[in-house]
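Since the structure of chain Z is already known, use the hints to place chain E on it.
Note that the protein sequences, when read in sequence, are chains Z and E.
Going by numbering that gives the first Met the number 0, 199 is the number at position 200 of the first sequence; the sequence numbering is gapless.
Going by numbering that gives the first Met the number 0, 161 is the number at position 162 of the second sequence; the sequence numbering is gapless.
Since the hints were derived computationally from the structure, they do not count as laboratory data.
In this text, a Cβ means the ideal position worked out from N, Cα and C, and glycines have one as well.
Nothing false has been slipped in among the hints.
If you anchor each label on the Cβ, the simulated ranges turn out as follows: (1) Asp104(E) / Gly181(Z): 25 to 33 Å; (2) Asp8(Z) / Thr19(E): 33 to 41 Å; (3) Val227(Z) / Gly26(E): 48 to 56 Å; (4) Asp152(E) / Asp150(Z): 50 to 58 Å; (5) Asp260(Z) / Asn11(E): 40 to 48 Å; (6) Asn19(Z) / Arg159(E): 42 to 50 Å; (7) Asp190(Z) / Ser112(E): 23 to 31 Å.
Okay, here's what each chain looks like letter by letter:
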Amino acid sequence: MRQFFPVQDLARDERFVQTNMAARLADKRSAVIGSTRADGAHRKSAKSRAANNRLTPDRHDASDAARSLMHGIMVGEIQALEGAGRTAHDFPAGDGTGDTIPFELKLDMARQAWDEARHVEISAKLSDWMGTEIGQYAENTVLFEAACSDDPVLRLAGVNRALEGLAIDVFTQMKEFGQLAGDPFLEFCEDWMLADEVTHVKMGSDWLRKVTEKDPDRRAKALEFQQVVDKLFSFGGTRGDTEESPIGLARRFRELAGFTDDEVDDIAEMDAVALAERKAKVREMQEAAQV
Amino acid sequence: MTVEPAVFSLINYDADEIATIAGELAGLLGIGNPITIDVDETTPLSKVSASVEARSSDARITVSTESGALEDTQRFTNLGPAQARVSIGRMLLRARDRIRPDFTDAPPDLDLSLRQNAAWDAYCAGRLARIGVRVNEQRFRYNFRNRFGFADDVDAMFDRLWSADDLGWSAIDDPT
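Pulled out of the complex, with its shape left as it was, chain Z reads as follows (with noise of 0.2 Å):
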């Protein structure tokens, strides 16, 4: 079987199509409060929304925007089937030097492999529950390509760490969403998924300091590589600590993920210097454009 696959030999059927943060990162347009332009004009929709981004049922776009976002956590899910699962399979098994990986550690990969093959199962359900069609929006395979290093370190940093400390705080939120919807299979299919997740994060938590234990440079590169991934995962401050950000940062359950307190820190500083540079992007753009 294949080895390193590139995220644009990942197998789709004609229903999805795909897009990258580049091209994201390209819409001139924000719905981030607060990108108003440089001379303190209000945009003429200022109405459409409250006094926070924070995906909550009292949004008047609630139902739309949760569904938008079940849908990403279901590609997300996919590519983090596929991301665990290539894993287990690229590396040789060994004691942990080079590129070789211990075999528990494949067995972990195998065993989130499994979790994650049934949370695309939840995903898709759940979907269809909300009135959404599987590939109704664009994938973005940034998960996957966080995915696709050649260190196995670098990849637990990435996917267990980064992505799937991401999972946790989009999980909280919708399970919150739930709660106060009153949605009772929302809340309970995430509240599930997030104890998966945390287990994730704390494979990998546990994995990157066990393989790296004899070896500080490589333990500081991967940490160096999780904060780039993190960033990445800002989606320009979608997520973050602040009411502006859509999706808030789940500290308690990254806690018992094995994240610490400066980390969780240092992610949402993080957060708050993306979305600041996403609102300064974007109002430059819209200068630019003469709106």
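Below, chain E without anything else, positioned relative to chain Z:
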């Protein structure tokens, strides 16, 4: 039929194509009023609203929409004709409703509560589906459940709105 702006600079929308879609829908719905479609291209959000200058067949109907409501969800920043039909069609039906005397008490669109919006959307989307516009019923059912609750009697309320063709404002304001 007027579309504002006539030329889009932030997104790949074509004003003529939007005008054609709105014109076809107006024909299907028997609406002869002059129509303005006002698109806010600065935001990808999807709020839509409709207003009518007066209760007459020659009063101007204005559909105000954020660009996300007309967008191809698979190809961001591009016009999605299917999405545009559902969004503009719903608003044209609202405008047509507003011309009726039994809608005098309906608040302006931007002052509608979330429940009033969900109920009116269900009523409009059901009628759109029956004239042949492709509408995902479950999408509107889910929104209705989010506003009224996840229960069998709420589903029955939704079914009544969805299948109705001749309601007044009071039936939408209080669908129970």
